[in-house]
Amino acid sequence: MTAQYEALVARAKDFEEAESSRNRVRISVGISGCSESVGAEETLAKIQDELRTRQIDALVEVVGCRGMCWAEPVVDVQHPGGPRVVYGNVTPDRVRELIQSVIVKGTHRPDLAEFVVGSNGYVGIPAETEHPFFKDQTRAIMAYCGLHDPLNLLQYVAAGGFSALHKALTTMTPEEVIAEVKTSSLTGRGGAAFPTGRKWESARASTARPKYLIDNGEEGEPTIYKDRRLYEGDPFRIIEGVLINAYAIVADKGYIYVGGEHHLAIPRVMRALEICREAGLLGKNILGTDFSFEIQVRVGGGSYAAGESSAMMSSIEGRRGMPRPKLVRSTERGVWAKPTCMNNVETHANVPGIITNGAAWFSRLGTDKSKGTKIFAVSGAVNRPGMIEVPMGTPLRKLIEICGGMKDGRPFKACQPAGVSSAPIAAANLDVPMALETLENIGALLGSGSVVILDDSACMVDINNYLVNFNELESCSRCVTCRVGTMRLTDILTRMCNGQGRSGDLQALAWLGPLMESTTLCGLGQAAPVPAVGALNIFREEFEAHIHDKRCPAGFCEALAEKRVPVGAGYGEPR
Amino acid sequence: MTLPSHDHHKPYSYEQSDWEAHVREICRGLEQTDGAVILVLHRLMEDFGYISERATIVAAEELHLTAPQIFAVATFYHEFRVEKPAENVLMLCRGPACRVGGMVGLRHVMEASLGIDVGERTEDDKFAIESSGCLGICPHAPAMMVNHRLAGRVSDAALEQWIAERLGTPV
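Here the protein sequences come in this chain order: A and B.
Everything in the first sequence is counted per the numbering used here, starting at 1 for the first residue and increasing by one.
Everything in the second sequence is counted per the numbering used here, starting at 1001 for the first residue and increasing by one.
I should point out that these hints are in silico values taken from the structure, not numbers from a laboratory.
As the structure is a prediction and not an experimental result, all values here were calculated from the model.
There may be inaccurate statements among the hints.
[Said to hold, decoys possible] Partner residues are not named here, just some residues of chain B that face chain A (Cβ under 8 Å, in silico):
(1) Leu-1003
(2) Leu-1039
(3) Ala-1067
(4) Phe-1071
(5) Ala-1072
(6) His-1078
(7) Glu-1079
(8) Val-1082
(9) Cys-1134
(10) Gly-1136
(11) Pro-1139
(12) Gly-1152
(13) Ser-1155
[Stated by the list, open to error] Simulated restraints, written as ranges between beta carbons of each label pair:
(14) Ala-45(A) x Lys-1126(B): 24 to 34 Å
(15) Ala-7(A) x Thr-1075(B): 47 to 57 Å
(16) Thr-91(A) x Arg-1166(B): 22 to 32 Å
(17) Arg-502(A) x Thr-1075(B): 44 to 54 Å
(18) Ala-45(A) x His-1108(B): 30 to 40 Å
(19) Arg-502(A) x Glu-1025(B): 51 to 61 Å
All C-beta atoms, glycine included, are put in the ideal place defined by N, C-alpha and C.
Whenever a hint applies, use it, and build me the whole structure from the sequences.
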């Protein structure tokens, strides 16, 4: 053990001891980009206000997002020596009641509480391990999200944080680190699912200097929000993963690229990096070893295309985020024309666990080809939308069950996975295991793990009109077939939604799909027509009803509804 | 659901006499950073609310680029504006979860109370309705971004009242 790491662990131990002998109540408020939008900041302010007026001495801390978005704002209360009880839906107007009946009286309210953290219930409040939302989840990367103060380094170290980095730096060679990651079969979590170990291997083989490393957190894709929540909830885990990656490939400089619209993730990551720098976990001679590394934050500007690996490199160089031809792999010639290794945030978050517990621990979960756990961002027509972490290969039906089943008991119509890049999953495939190979077999994609559940009130023509329009607006316009193709697709689908569909439209749609797939440069253009073509195969009748009967079976398209809306207010997408 | 109670004010304005000095200061602060253009543009957005043509020219001088190069970057990313925004910007999320979660109702409220469509602004520049591909708070559908603040689970009634308060009409 290096002296520096020993000192850090000792400090963490002191912190933990002080924490366990604490004799005041601890109140943890979940503040993240999602909970902020439903008033968590106001809840926090109100709690501090109430405590001040009642002169109660309490520890109030900010934690990240636990993934239970349906219950936000979430507030945890822990009396000295007691269990940590989680209260959901603590809107500002309910703070007074909570303070009065829980904090002042020193008890808990089973009628208001959601669950108790850990495996033991308390006075009729169920334990986390029995809660329907958590009992089937396996939390490895999200273990501390919503539980820890994201900017408390000692709390992270006390829970075993940075032990993986220390282990790698002091007991493993870079080759051994790569071998471990390779054996674990970890694949990229950003969508393309490239084997991480192989990427690192080829990045290590590049000899040109300097060598760069990028943590890709642009996340401009619709319906996915896992990366920003990881940044907000547990930034140290990502930094640790990035550092291990840097050590393995012998990188010189790292960038953490955060999407520009992730307004809470940016300052938290920046602050976490500062804290690491102060603690000797970043900069020269990390943890007292020969390993030195520097990480800078780069901020995106809200562009889906810039999340593509070669486009992100242009963006970091301060240019338009347009994909470039990959004649040479980026591990040989990437950002600033130097070797670059880029991984997704969730991929990096997996690395510390693999190093600490070994490749076998990681690959014990999952299917034959997809190993480990995966975060799914589930939204749409379910009762408990949020972010869940389950083993790869968990059936879609199980995902819906974890999320509380279909909203209002309405029938399941389709699931739109992988943002804007995949064909929908039909009701007949509800039992499909959510893994790379099984989804590919039914013509869908796992992508980055977004899952939108649609019930019978959703119109597939309208949803696809949105998807192609999104691609049109986000197209970097470099390839003609992408720029014009997405325009034509939007035209066709908008016309259908407005009741002006023509008989040749479906043929045109089916023809454009393969054309765009074969003639565009990057994955985004190739994937742009995929959802619409896939939906056409599954929901052909619905498309035909729009064209021939001028009828929207789901009753969603306003121009086709019985109660007509004024001309001009039709369902055409705003430009 | 909470809609922001205070309107968004920017610390600087291009009408101030020292605006140019401030733009130069921002650029010089990021001189040592590689590929600083996007970071400079973010700072301009934060301080001024948009990126004016003259600011583009000044920034180009400082960053040793041409004004078109900077304009090209500013118009590529959705976060950046090259025109002065309306006083109140109501951004509607068009994502799939919001579509099935109440987006249409919110659009009707805005269009009815302001008399403009999505993508337009009122003649007095007081309100603009914009739309976003996805605001990333899908579990809290329907979502909006009102004056740069995310608002989830927005109800028709709350939005109607919020607009009415700013229009000065009785609810």
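Do the hints match the structure? See the list:
1. Leu-1003: With Cβ-Cβ at 10 Å, over 8 Å, it is violated.
2. Leu-1039: Given a least distance of 6 Å, the restraint on Leu-1039(B) holds.
3. Ala-1067: violated, 15 Å
4. Phe-1071: Given a least distance of 11 Å, the restraint on Phe-1071(B) is violated.
5. Ala-1072: Check passed: Cβ of Ala-1072(B) comes within 6 Å of chain A, closer than 8 Å.
6. His-1078: holds, 4 Å
7. Glu-1079: Constraint on Glu-1079(B) satisfied, holds at 4 Å.
8. Val-1082: violated, 12 Å
9. Cys-1134: holds, 3 Å
10. Gly-1136: holds, 4 Å
11. Pro-1139: Pro-1139(B) check passes; min Cβ-Cβ to chain A is 3 Å, inside 8 Å.
12. Gly-1152: holds, 4 Å
13. Ser-1155: Constraint on Ser-1155(B) not satisfied, violated at 12 Å.
14. Ala-45(A) x Lys-1126(B): 24 to 34 Å: holds, 29 Å
15. Ala-7(A) x Thr-1075(B): 47 to 57 Å: The hinted range 47 to 57 Å holds for Ala-7(A) and Thr-1075(B), with Cβ atoms some 51 Å apart.
16. Thr-91(A) x Arg-1166(B): 22 to 32 Å: holds, 23 Å
17. Arg-502(A) x Thr-1075(B): 44 to 54 Å: violated, 34 Å
18. Ala-45(A) x His-1108(B): 30 to 40 Å: Since Ala-45(A) and His-1108(B) have Cβ atoms about 33 Å apart, the given range 30 to 40 Å holds.
19. Arg-502(A) x Glu-1025(B): 51 to 61 Å: Since the Cβ atoms of Arg-502(A) and Glu-1025(B) sit about 57 Å apart, the hinted range of 51 to 61 Å holds.
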